[in-house]
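Participant: Between the sequences and the hints, there should be enough to build the whole structure, so can you do that?
Everything in the sequence shown is counted per full-length UniProt numbering, starting at 1 for the first residue and increasing by one.
Bear in mind the hints are in silico, worked out from the structure with no lab data behind them.
Fair warning: there could be bad hints in the mix.
[As the list claims (entries may be wrong)] Here are the simulated DSS-like cross-link-like pairs (lysine-lysine), alpha carbons at most 25 Å apart as the crow flies: (1) LYS86 with LYS150; (2) LYS133 with LYS104; (3) LYS84 with LYS150; (4) LYS141 with LYS84; (5) LYS133 with LYS91; (6) LYS16 with LYS27; (7) LYS141 with LYS100; (8) LYS141 with LYS86; (9) LYS27 with LYS12; (10) LYS86 with LYS100; (11) LYS12 with LYS91; (12) LYS28 with LYS16.
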Amino acid sequence: MDKYEEYEILNKELEKTTRKIMEDMHKKSLQNNYDEILEEESTCSRDTNIRDSELSGCYDRIIPQRENVRNETLIGPLRRTIEKLKDDCNKYISQISQLKEERKNLIDDRRRIIKDATKTTSEKQQLESSVSKLTLTVQQKNQEICILKKDIQNMAKRLKDIKPYSPSVLKDKKSTSYNCCHEKDCLEKPEKENTKKGRAEIASMTMTTNNYNNTLLACLKLQNKMIDNLKRQVKVQDD
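Facilitator: Here it is as structure tokens:
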């Protein structure tokens, strides 16, 4: 074997050894990159689980508190207002029964006076006026009772329409998870999604609160209306 052939053999062995060393280095580099990716994925998953756990804890604390506030400040007063309106309605019905009885007695008195020749015309006219006034009062009371019954029905319907607060995030808060896809927004994805849900829930809470406030305002107006009606009634009886 001459020197040239020996050189060719050594050169091939060198190329083979170099290629093997490069392949080993490349494999080692790939393995290191893969390990780093696994570690990043584990960190991403752990951070996501921590955020989900914190959100779940917040909702578990906040929702019962909102329910208690809703029951104490909204539904409770609304129910008490409806009960008061029902009591006022029953009082009105009782008063109308008394007025009808008084009217009946006046009509009987009018019949007796008409037959009694000793009574003067002015006395008869005065009695006629009293009967007419009492008849008008009974009609007004009947109209007020119809309005009151309709208001009670509307209040009861509003109370029935109030639903327990159950945000949609509670349905899937335990199943919320994000698989790390090694994209540049991997860690931002849960935050964006949760922020979107949070804003939707805040909007829903605000709308619900506004509806409750409008209902309470209607109750207060109706209560003031009842007080005015009772004042007028007292004035009519005094007259």
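Participant: State for each hint whether it applies.
Facilitator: Comparing the hints with the structure gives:
A distance of roughly 11 Å separates the Cα atoms of LYS86 and LYS150; the hinted pair therefore holds under the 25 Å criterion. For the given pair, LYS133 sits about 13 Å from LYS104 by alpha-carbon distance, which is consistent with the 25 Å threshold. Between LYS84 and LYS150, the direct Cα distance comes to roughly 14 Å. Compliance with the 25 Å bound is thereby established for this hinted pair. Only pairs whose Cα atoms come within 25 Å are accepted, and LYS141 paired with LYS84 is accepted, the gap being roughly 18 Å.
With a C-alpha separation of about 21 Å, the suggested pairing of LYS133 with LYS91 holds against the 25 Å cut-off. Of the supplied pair hints, the one linking LYS16 and LYS27 holds, its CA atoms being roughly 16 Å apart against a limit of 25 Å. Proximity of LYS141 to LYS100 is assessed by CA-CA distance (about 11 Å); at most 25 Å being required, the pair is judged to hold. For the given pair, LYS141 sits about 15 Å from LYS86 by alpha-carbon distance, which is consistent with the 25 Å threshold.
Of the pairs offered as hints, the one joining LYS27 and LYS12 holds, with about 22 Å between alpha carbons and a cut-off of 25 Å not exceeded. Restraint check: the Cα-Cα separation between LYS86 and LYS100 comes to about 21 Å, which is no more than 25 Å; the hinted pair holds. The straight-line distance between the Cα atoms of LYS12 and LYS91 is roughly 114 Å, outside the 25 Å bound, and the hint therefore fails. Of the supplied pair hints, the one linking LYS28 and LYS16 holds, its CA atoms being roughly 18 Å apart against a limit of 25 Å.
The structure shown violates just one earlier hint, number 11.
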